[in-house]
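Given chain A, work out where chain B should sit, using these hints.
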Amino acid sequence: MTISLKINGKSQDVDADPSTPLLYVLRNDVGLHGPKFGCGLGQCGACTVHVDGRPTFSCILPIAAVGDREVTTLEGLLEDGKPNKLQQAFIDEEAAQCGYCISGMVMRAQALLRTKPNPTDNEIRNYMRPNLCRCGTHTAIMRAIRRAAIA
Amino acid sequence: MRLRRVILAVLAAGVLVAVGGLAWAWRPAFAPTSAKQTISDRKMIDRGAELAAIGNCSDCHTKDVGVPYAGGRALPTPFGTIYASNLTPDLETGIGTWSEEAFRRAMHEGVDREGRQLYPAFPYDHFTKATDEDIHALYSFLMSIPAIRNVLPANQLSFPFSFRPIIAGWKVLFLSQALLEKDTSKSAEWNRGRYLVEGLGHCGSCHTPRNALGGEKKGSPYAGGAAEGWNAPPLNASLVTTHHWTVDQLAEYLSTGWHKLHGAAAGPMADVAKNLGQVSKDEVHAIAAYVASLSPSPDYKTAIITDNGGKSQPADIVAIYTGACAKCHNDRNDVGPSKALSLSLSTAVQQGDPANTVRVILHGIQSYRTGVGPYMPAFDTILTDTQIADITQYIRTRYTNQPQWADIKTEVIKARQEAQP
Chain A
1 MTISLKINGK SQDVDADPST PLLYVLRNDV GLHGPKFGCG LGQCGACTVH
51 VDGRPTFSCI LPIAAVGDRE VTTLEGLLED GKPNKLQQAF IDEEAAQCGY
101 CISGMVMRAQ ALLRTKPNPT DNEIRNYMRP NLCRCGTHTA IMRAIRRAAI
151 A
Chain B
1 MRLRRVILAV LAAGVLVAVG GLAWAWRPAF APTSAKQTIS DRKMIDRGAE
51 LAAIGNCSDC HTKDVGVPYA GGRALPTPFG TIYASNLTPD LETGIGTWSE
101 EAFRRAMHEG VDREGRQLYP AFPYDHFTKA TDEDIHALYS FLMSIPAIRN
151 VLPANQLSFP FSFRPIIAGW KVLFLSQALL EKDTSKSAEW NRGRYLVEGL
201 GHCGSCHTPR NALGGEKKGS PYAGGAAEGW NAPPLNASLV TTHHWTVDQL
251 AEYLSTGWHK LHGAAAGPMA DVAKNLGQVS KDEVHAIAAY VASLSPSPDY
301 KTAIITDNGG KSQPADIVAI YTGACAKCHN DRNDVGPSKA LSLSLSTAVQ
351 QGDPANTVRV ILHGIQSYRT GVGPYMPAFD TILTDTQIAD ITQYIRTRYT
401 NQPQWADIKT EVIKARQEAQ P
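Chains A and B, in that order, give the protein sequences.
Residues in the first sequence are numbered from 1 upward in steps of one, following our numbering.
Residues in the second sequence are numbered from 1 upward in steps of one, following our numbering.
Just chain A, with the same shape it has in the complex:
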């Protein structure tokens, strides 16, 4: 069944079962490898993308439910093909260890900074709670978000 999705500002037709999670379609059909498959159960946040600007687990979002909402992935945050301010802050602070969670972390943090440009540490911690990192680079992730916030 062909379903039309709006991804990173472009309209994309995909041919898949309507119950297919958005994550699978993004990675396998559209070729966007920013969002990662972690748990597949909405527990870890590695698959986080924006749907209408809000951070969303794409592994438990069936494409039938996306409708005409705008999907943005890590790739969609690039500005003129270059990392945006937050992505650059993650690079500068060397916030990635294995890197698997980082795409999801960036997407969630970006959503936070859009609604709250200068969050407190407590607000950052609270907002980032749904996303897990197993390497333990949380302090570097905190620094990156703070750097992007005040920069």
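These aren't lab readings, by the way, just hints derived from the structure by calculation.
Careful, some of the hints might be misleading.
[Said to hold, decoys possible] Among the chain A residues that face chain B by a calculated CB cut under 8 Å, a handful are: (1) K10; (2) Q12; (3) A16; (4) P21; (5) V51; (6) F57; (7) R114; (8) N126.
[Unchecked claim] Per the computed footprint, the stretches of chain B lying under chain A, defined by three or more beta-carbons under 8 Å from a beta-carbon of chain A, are: (9) 312-322; (10) 328-339; (11) 381-394.
C-beta atoms are modelled at their ideal positions from N, C-alpha and C, and glycine is treated no differently.
Below, chain B alone, put in the same frame as chain A:
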């Protein structure tokens, strides 16, 4: 206009009660204790911590991601917003200057150290049943935790509710200080359970319906009430669903927040279960024994899984259910890392209205993330209001033999506007 008449009646009753109660409204202050209390009885402190867990004190007296017991959490009531007080021994903003006598009076009579009437959002109508010995343990515990300075916002209550002396009138109607007499026809465990449930556990604060003046309806104890938008299901009618609970199942659920035949404690009950996880198994079993005894005719049938099939439903809703829900709620015996059950076992899905089902889908079950308890992601950003309403009806139709729910979308919109703990 009916609503206005009800409000007027409530106000008039409030004023009358106030006049009647004024004579009792004035209470003396206890002198502030000059120095920080030093309590060195470790055993007593630990006992107090356990009792505080039974009383679920930290749930209200902790703000969002704030320091436990430092207060500041906004408690919405039908009469306005009340901010939970700081229970740490800070001398200025906490209870550091309270003597044990002052603390006991607050617990038993709802009056603070300075003699001001306390609002019954603080459930002293239950805590009044606590023994002096248990209050001593609680006091020892609270005085032993770190003092945190936390200046609280002023309560936002409209007149006449902002006028504290009217609370004395409320107490005349709803505060019964008589201690519980031991019922010798019942077991020691039952008596212990009753003491905890009626007293510190204050289960009736949510599970008993309230009248227009905010008092528990004495005539219908445990007939089901409300908590922060959620239904607190009745505890007196075959324990909620067609799936009856045994005492052991109830005890396991209360201790861990989950039972394989009944599902997860969610919403405000999740915090209760989290706290009861810190409590000895004997105490929790006693609570379970008493709660189970509230059902008129315990009938321990084994749960029967209902599945009416979902194929007759619109294809897009089936697709959403398959992609969003069925990965975990897969109707096999394998509950997986999220501990998800067949939805036919869910208490929420069986209830008379969709309040709890809608809220679980919107907010998920996140309370046990620091442990190994059940987990469900929040679907608030994943699905739209209409999709959540459709899925809720789909689950109701497929997994119960109960009538469909009406007006689910209105409930979704309402639930989205509530603050979550």
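**Item:** Violated constraints from the hint list, given by number and in increasing order
**Value:** As far as the earlier hints go, 1, 2, 3 and 7 are violated by this structure, in ascending order.
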